[in-house]
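Q: Please build the complex by placing chain A on the supplied structure of chain G, with the hints as guidance.
Residue numbers (the numbering used here), protein chains in the order written: chain G, 87 to 419; chain A, 87 to 419.
Worth flagging that the hints you see were computed from the coordinates, not collected in a lab.
Note that the coordinates shown come from a computational prediction; the quantities given were computed from them, not determined experimentally.
You can trust all of the hints, since none of them are fake.
When chains are identical, the list treats them as one kind, so a pair holds in a single copy or across two.
SDA-like cross-link-like pairs, simulated, lysine to any residue; straight-line CA separation at most 25 Å: (1) 239 <-> 267; (2) 114 <-> 183; (3) 356 <-> 398; (4) 114 <-> 406; (5) 120 <-> 184; (6) 114 <-> 186; (7) 356 <-> 111; (8) 120 <-> 406; (9) 356 <-> 409; (10) 120 <-> 180; (11) 239 <-> 265; (12) 114 <-> 180; (13) 89 <-> 136.
Single-letter residue listing:
2 protein chains.
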Amino acid sequence: MPKQPLDVVGIGNAIVDVLAQADEAFLKAQDLAKGTMTLIDGARAETLYAAMGPAVEVSGGSAANTMAGLASLGGRGAFIGKVRNDQLGGIFRHDIRAAGVTFETPAATEGPPTARCLIFVTPDAQRTMGTYLGASVDLMAEDLDADMIGRAKVTYLEGYLWDAPEAKAAFLEAARMAHGAGRKVALSLSDPFCVDRHRDSFIELIGGHVDLLFANDVEICSLFQVDDFDRALQEVRGHCEIAALTRSAKGSVVLRDREVHLVDAEPVAKVVDTTGAGDLYAAGFLHGYTRGRGLYDCGRLGAIAAAEAISHFGARPETPLAELAAACMGGGH
Amino acid sequence: MPKQPLDVVGIGNAIVDVLAQADEAFLKAQDLAKGTMTLIDGARAETLYAAMGPAVEVSGGSAANTMAGLASLGGRGAFIGKVRNDQLGGIFRHDIRAAGVTFETPAATEGPPTARCLIFVTPDAQRTMGTYLGASVDLMAEDLDADMIGRAKVTYLEGYLWDAPEAKAAFLEAARMAHGAGRKVALSLSDPFCVDRHRDSFIELIGGHVDLLFANDVEICSLFQVDDFDRALQEVRGHCEIAALTRSAKGSVVLRDREVHLVDAEPVAKVVDTTGAGDLYAAGFLHGYTRGRGLYDCGRLGAIAAAEAISHFGARPETPLAELAAACMGGGH
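For reference, chain G alone in the conformation it holds in the complex:
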C-alpha cells in the first residue's frame, strides 16, 4: 500500500499536562515566573506536584498540540517524540492517535518516565508551567523517520527541543532531511526563556534552516534583544521566508519580504485558560499554508484555532476545528 502524503510532521517533546488552578500567592511561594515555562528536575517535579491542588491530566506538548489541532482541522499530520513505556506514555500515545495524528516513535523501555508539565492556571487565565522533560530528552536522530519527513510538506519543530542535547541533534537532522527532500521547515520559538537560553544558536538556525518562523511578541523581542515589536519586525525580515508573530489579544502579524498582513484576534466570550494558544495558532496557520491559502487566510485560521483553545481548560481542541473554520472562512478548505 503506497504511503499517504502528509501535510505536516511535528517534532517535539512528548508530554502529559497536569493542570490545576492556582493563585498568584502560590506562584510566588513556589518561585514560579508567571506566564513562562521553567524546566524542573524529577525531585522538583515531585515537590511541586505535592503542593499542587487537585489536577486533571491531558496529553500536551507544544508540537503535539499543534498536530492535534491540525488533524482537527482536517489536515494530515504526524508526530515524532519520545515517551517511556509507562502509563502516562500510554495515555499520550492513545490521545494523539485518537486525535487522528500518526505517531509511531517507539517508547523508551528504560530511563526516566514520560515527561510531564505541571500547569498552574491563575484566575486571569494565564498559565505558568514547570516541565520535567523525562523520557522526551531521549529522542534520538535514529527515531526520525526520513520517509515520513520526506512525505510531509512541512516539518514543524518546537524550540523547547533545543533544551535537550540529543533532541537538538535530532532536530537539526530533521531539518536537513526535510530540506533534502525539497520540503519546508517551520520553527516555533516556544517561550522567551527558551529563547534566552539559546539565542545565538536560534538566530543561526533561523538564518540557515528555517522557512517559517512562529513566535509571540515577547519571544521575538527577546530573540533580537529589542524592546519594541516594530523593531523586531524589521530585524526578522531576511532571516526567514515567512514569519507569523502573535500578540495575544492584539492578533498577529504575518510577514513575507515586503508583504505584511495584520490579522485580528478572533473574539472569545470568556478566556478560560491560555494554555495552547500559540500551539493552536500554528496549527491553523500551517493548515492554511499546506492547503495553499494566502498568508492572510493562514493567519485567520490560526486566530480561529487559538480562540477555541483558550475558551476551555487544556490545550487540545474540544470542538472539531474544521467546523469552526468552515463557519468563519466560508468553507472550501
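A: Relative to the frame of chain G, chain A by itself:
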C-alpha cells in the same frame, strides 16, 4: 498529638476516570447501555480505550468523589480504597489528598494496575461508564482503620464495592466497626445494574446495617422491583432510618419515618456532564447531616453540590462548594 474527629469516612473503589466525548452510535457499536456502569475486564478495557476519542484523566470513584465534595464544603473526610503503586495510583493519591481528604490506605505492590473508569459523555450530558476494577478489588478487611472508622460520625459505603468478594467482606466489617463505635452507616446503591446483581443481599444489608440510604429513582425501583417511585417510597420506610432519593431534574425526596421532604433540584445554566451528580448530592447531604442540619437543609446542600458537579466535565468539584453553599443557605455551617 490527639487525632482529629472526622465527619465521614468513605469506603469505595479507588478509580481514575478517563473521560471522552462520544456519540450515541459509538455506544451502540460498543454495546454499552447508555447511562449505566458496566464492569469490564482488562482486555475489554484496552479494546474500549483504543476505540475511545482523546481523553482527559481525572481522579474519580463514587465514594472518593463524595469525600472530595465533603472536603470542598468544609467537612472533615477520609477515604479508604485500594490503588496499585503505579502512575495512575499516584495520581489518585495526589488528587484526593490535594482535595483535603485523608487517604492512607497502602498501595498494592503487586497484582492488577490501578482501577480506571472509561466514561463516555454523550451530547445530552449523560455519562456511560465501563469500569475496570483493577487493584480496587484487593481492598481487604485489614486495610480498614478501626480507629479512623470509630472517629467518624458516618461511615459511607458505595454499592459498587459489592462487586468484589474481598471488598464486600471489608465493607461488612466496616459497617460492624462503625456500629460498634456507636456511629452511623450510610450506603449508596450506586447503579441500577449493581442493584440488579445484588438485590437480595442489598435488602438484607439495608435492613440490618444501614442507617442512611442514598439511591436514585431507578435504583430504588429496581431494589424493590416496582415500576412506580411512589410505591418504592412506601417500600423503603422501615428498612432504614433515613432515605435520600434523588430524581435528576425533579429534585429529591428525603424520608424519615412519617417525615417527608420534597427538595427541588438547584437550577443549572447548562448541564455539561452528569458524572458525579449522585456522588456530590451525597456529599452535600452528609455535610449537612454531620453538622446537625435538618433533613430539608441536608437535601438542599445535596442539590447545590450536585448542581456544581453537572455544570462542568468531570465529577470532582471545580468551585469551592463551601462558598456556593454559604451563598445559597445563608452561611452558618
